[in-house]
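Enquirer: Add chains B and C to chain A, keeping to what the hints say.
Going line by line, the protein sequences match chains A, B and C.
Mapping the first sequence onto the working numbering, position 78 (from 1) lands on 78, and the numbers just tick up by one.
Numbers in the working numbering are just positions in the second sequence, counted from 1, shifted up by 282.
Numbers in the working numbering are just positions in the third sequence, counted from 1, shifted up by 699.
The set of hints was computed from the structure by calculation and includes no laboratory data.
Bear in mind that the values here come from a model prediction, so they are computed numbers and not experimental data.
Chain B side only, calculated, beta carbon under 7 Å to chain C, not exhaustive:
1. Gln359
2. Leu362
3. Gln479
4. Pro526
5. Gly528
6. Leu537
7. Ser540
8. Arg542
9. Thr659
10. Pro668
11. Gln671
Here chain C is said to cover these stretches of chain A; the calculated rule only asks that three of the stretch's residues, wherever they fall, bring their Cβ under 8 Å from a Cβ of chain C:
12. 90 to 98
13. 115 to 124
14. 156 to 165
15. 198 to 208
16. 225 to 237
17. 256 to 265
C-beta atoms are modelled at their ideal positions from N, C-alpha and C, and glycine is treated no differently.
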Amino acid sequence: MGTSILSHQRGSRLFFTATWIFLAIAAAAILLPFVWMVLTSFKPESDVFAYPPRLWPNIWTLENYTDIWQQIPMLRFFINSVVFAGSVTIISLFLDSLAAYAFSRLKFPGRDILFLFVLIALMLPFQVTFIPVYVTVQSMGLLNSFAGLIIPRATNAFGIFMLRQFFNGIPHELDDAARIDGATEFYIYSRVILPLSGPALATLAVFHFMYNWNDFLWPLLITKTTEMRNLPAGLALFMGQHNIEYGLIMAGATLALLPLFIAFLFAQKYFVQSIVMTGLKE
Amino acid sequence: MQRKSVRNMLSIALVMAIAMLTVPFGAEAQSPVVITFWNGFTGPDRPTVEALVAEFNAAHADIQIDMTITPWDSLYQTLLGAMSAGEGPDLVGFNFNYVLQYAESGLIMDISDWFEEGSNLDLENWPPALVERLQYDGKFYAVPMNFATLLMYYNLDIFTEVGLDPENPPADWDTWIEALRTITEAGYYGIAIGERQTIPNWPILLWGNGADVIVDGKSGLATPEAIEALELWGGLVRDEEISPFGLTGAEADQLFQSGRAAMGITGPWMVNGFLEAGVNFDVTPIPTGPAGPVTLADSVVFVVNASTTHEEEVKTFLDFWNSYDAQITWSAGTGFPPARLDLSDSPDLYEANPWAAKFAAVVPYSRFFMGGQRHYTEIENDIFVPMIQSITQGVSSVEEAATRADEQLTRLLAQDD
Amino acid sequence: MMDNIQVQASVSQSRRLPLSVRIRRALSHPPTRQGLTFLFPSLVILGVFVFWPIIQSLLLSLQRWRFGSSEVTWVGLDNYARMLADERVWGALQNTVYYTLVVVPVGLLLSLLFALALNEKLRGRVVFRAIYFLPVIASFAIVAIVWRFLLNPDIGLLAYWFKLVGIPTRNWLRDARYAMPAVMMVSIWKNVGFNMVILLAGLQSIPEVYYEAAKVDGANRWRRFRSVTMPLLRPTWIFVLIISVISSFQVFDQVWVMTPRGGPLFSTETMVTYIYYQGIELMDISYAAGIGVMLFIIVFILTLIQLRLLRFRDMD
Chain A
1 MGTSILSHQR
11 GSRLFFTATW
21 IFLAIAAAAI
31 LLPFVWMVLT
41 SFKPESDVFA
51 YPPRLWPNIW
61 TLENYTDIWQ
71 QIPMLRFFIN
81 SVVFAGSVTI
91 ISLFLDSLAA
101 YAFSRLKFPG
111 RDILFLFVLI
121 ALMLPFQVTF
131 IPVYVTVQSM
141 GLLNSFAGLI
151 IPRATNAFGI
161 FMLRQFFNGI
171 PHELDDAARI
181 DGATEFYIYS
191 RVILPLSGPA
201 LATLAVFHFM
211 YNWNDFLWPL
221 LITKTTEMRN
231 LPAGLALFMG
241 QHNIEYGLIM
251 AGATLALLPL
261 FIAFLFAQKY
271 FVQSIVMTGL
281 KE
Chain B
283 MQRKSVRNML
293 SIALVMAIAM
303 LTVPFGAEAQ
313 SPVVITFWNG
323 FTGPDRPTVE
333 ALVAEFNAAH
343 ADIQIDMTIT
353 PWDSLYQTLL
363 GAMSAGEGPD
373 LVGFNFNYVL
383 QYAESGLIMD
393 ISDWFEEGSN
403 LDLENWPPAL
413 VERLQYDGKF
423 YAVPMNFATL
433 LMYYNLDIFT
443 EVGLDPENPP
453 ADWDTWIEAL
463 RTITEAGYYG
473 IAIGERQTIP
483 NWPILLWGNG
493 ADVIVDGKSG
503 LATPEAIEAL
513 ELWGGLVRDE
523 EISPFGLTGA
533 EADQLFQSGR
543 AAMGITGPWM
553 VNGFLEAGVN
563 FDVTPIPTGP
573 AGPVTLADSV
583 VFVVNASTTH
593 EEEVKTFLDF
603 WNSYDAQITW
613 SAGTGFPPAR
623 LDLSDSPDLY
633 EANPWAAKFA
643 AVVPYSRFFM
653 GGQRHYTEIE
663 NDIFVPMIQS
673 ITQGVSSVEE
683 AATRADEQLT
693 RLLAQDD
Chain C
700 MMDNIQVQAS
710 VSQSRRLPLS
720 VRIRRALSHP
730 PTRQGLTFLF
740 PSLVILGVFV
750 FWPIIQSLLL
760 SLQRWRFGSS
770 EVTWVGLDNY
780 ARMLADERVW
790 GALQNTVYYT
800 LVVVPVGLLL
810 SLLFALALNE
820 KLRGRVVFRA
830 IYFLPVIASF
840 AIVAIVWRFL
850 LNPDIGLLAY
860 WFKLVGIPTR
870 NWLRDARYAM
880 PAVMMVSIWK
890 NVGFNMVILL
900 AGLQSIPEVY
910 YEAAKVDGAN
920 RWRRFRSVTM
930 PLLRPTWIFV
940 LIISVISSFQ
950 VFDQVWVMTP
960 RGGPLFSTET
970 MVTYIYYQGI
980 ELMDISYAAG
990 IGVMLFIIVF
1000 ILTLIQLRLL
1010 RFRDMD
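So here's chain A without its partners, still in its complex pose (with noise of 0.2 Å):
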């Protein structure tokens, strides 16, 4: 399992636990602002901006949580929000890959011109493109529908030119074997190139699904109807120009970060799945 620099290796003990105080460190400083988000989501409003500032709440309520269920449909906004960021990752995924695969594994003239303007798609910032994007959209019909919302993302630059990196990571002698043996392209990439990729493919993965699940603008632009409403636009209702309802925000931020958590420590398993021990060592 995994690929160690460091193990197996005699007074190491010392240099591991610098490294895990280090680390110990480095994660509460990271982690203090979500402890901060959490516990607000606890506290009534009175006490959020109190002085002097605490961490820890003064009184205890689930006031926001039981809120916030009753102030916006929590439940349709999810399931919008599962909708449009779960497709988007799986054909994405799947897209993605096949591209890369090309870019990869597969030999034809203007290849790299076609990488390069995979690359150029990476560097016109949305804010530039927006307009015509929505005009695109609604010339197709598509406004208002989930098509308009998936089919824009249905592949992705960033993911392409990711999974063209780890593909070529990969050593070719696995594939030239399955090739020689009359295998092709396709099952070369369903069942030699995919299954060796699973850290890759889970990290992408947890990528387009969390871009996609905290897109704000995206949704809000395609569709029009609140029932097409995705969480972070449900979010963004408690924050008023001048008076933002802090406690109900990091409520529905806390109850929108957990199926991530969620899906990242699901994903993590694929993370250290490794590999090459399946078949290169022959």
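Expert: Using the frame of chain A, we list chains B and C on its own:
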């Protein structure tokens, strides 16, 4: 091999098609006329907007208002996208400052003939300053949705603690400055002044001294009155630290809410938040400067998409919104003063929400900041706010900052000639 | 490399033939056909929803169109000329470069350290990994609310704790001198887990056999890191580096939510926040498109330089 790749392509297409078909599409319009309506009343005002819309929908079987509330930033961005493509909602509520640009481009409807004497859409109902903001080029394009004025909030406990009379808050600049100094010496901030990302605070201080950003279509930033006001208040912030510098509106409110600042200048929307947070406070008119009493007015207005096919239904809704009862409900729920003048001294209003009545009391001398000014956003963000910031952060002297801003503003205004 | 030369040779050979013949010939060439089959869905979607809008933006940048004005006029390079004279653009470019020069190296180094450490069989590494990744999955809006409170010098938690132990604090997000460092700090906090996870996936993909072989050869820890880990991780860290540079040149969300509209005295104004301000707040869409195209050109050149310096083709 080739047949295989064709098959692969087909299977890809199939997978995509299935994925598209299995996800549900949005609900289609039903028999009643559906009016789409966007506004930015997120936060604590939202329940009241929703209640009024629900009340209207319940009373009109043939009209259905489908309302989308998003934060203002996102509303303006999505509106930009939608309107560029000829889409967009039937009805929008947005800040009065946008009327000019949208009216000029023909994107919103000329509704001059909707205003009728004696109806709920009677121009006599509203303060003249507000009526002026509903127009562009002599025609009417907007109907008031809300109206707000600013008051000074002050913390009763801090006043008592430092020996000021909480019953008698400062009413003019001299006593105000004295109080600010007393409080600051006692270890609090005298006041939390919002500098950026805020409902304008600094312009009120200029107005109090008889200055303004634009006077008769020309820059007023380097006039003696303006420099005097900037020297006075800039000095108080920079040297005497009566307020932290660089506060956003939200930070200023938090500072007041935490009990670290004794005063703050903001609108009716904070009343409920401060009450809920347990702050012991009251509101009072902003102390009168040498030039007489003044405060800032702000308004969200309804505008109608020029491409709507449901004018009558939209008009019915706007009429309902400006009715006596709906306005009372609005004020009761949000603490905003009603836009209608005939309501501002009504006992019904006081009974519905005494705070709203206090905000209504200063309507007569309230002013819109740069109303009807085409370059509003640029002037505020690129000229006015940086000027204040370089003064309060001590980056440049008042003289320098004001002169530079004056030059920039003069150049910008000259573009229109 | 060999293949490239061959491809180039065959291309120049066929150059004399008419285009249609060449296309037909290329399509009858099985590898081309296969390649295009695999790429087809992605190319169509990228073409319609990415390249077409990019072309539209390019055209827009040659026009004068302010949202709200009914006329659209072709103005050639006017928007570009205006840009050269706009000191805000130059300020924004400077801030963006400053941001990139700090956030990319520091962020990469930290994430590499975390990835290497968490690739070890340490107690609790699953928990650590999850914690480091948490900021990545939090939404920017929430992150901004929390950090603005924590960094608030008057009522914020960090400032209060610092004061208790006697560390002087700053007016982080309000002072033109400190706003950018504060934003960079939050950016690194937000993104370190992102790069860490990619690097971890790369580390996990290195076959154990290479380490074992190195061990048999008696290579020590440092040698194994230099001769096994770094070379085999190369495709991964090249990817992370290129992506980081591209995305920090396009930094928007972190900066806008922490310090909207350029921050105190425009000290945190980046290229994309300025584009957003011009295009969406001032509704000067064609000027914003022009700045966008200029940013695109800068990023494109930078990426090409990186690819060249890293000898991307030979190595990957």
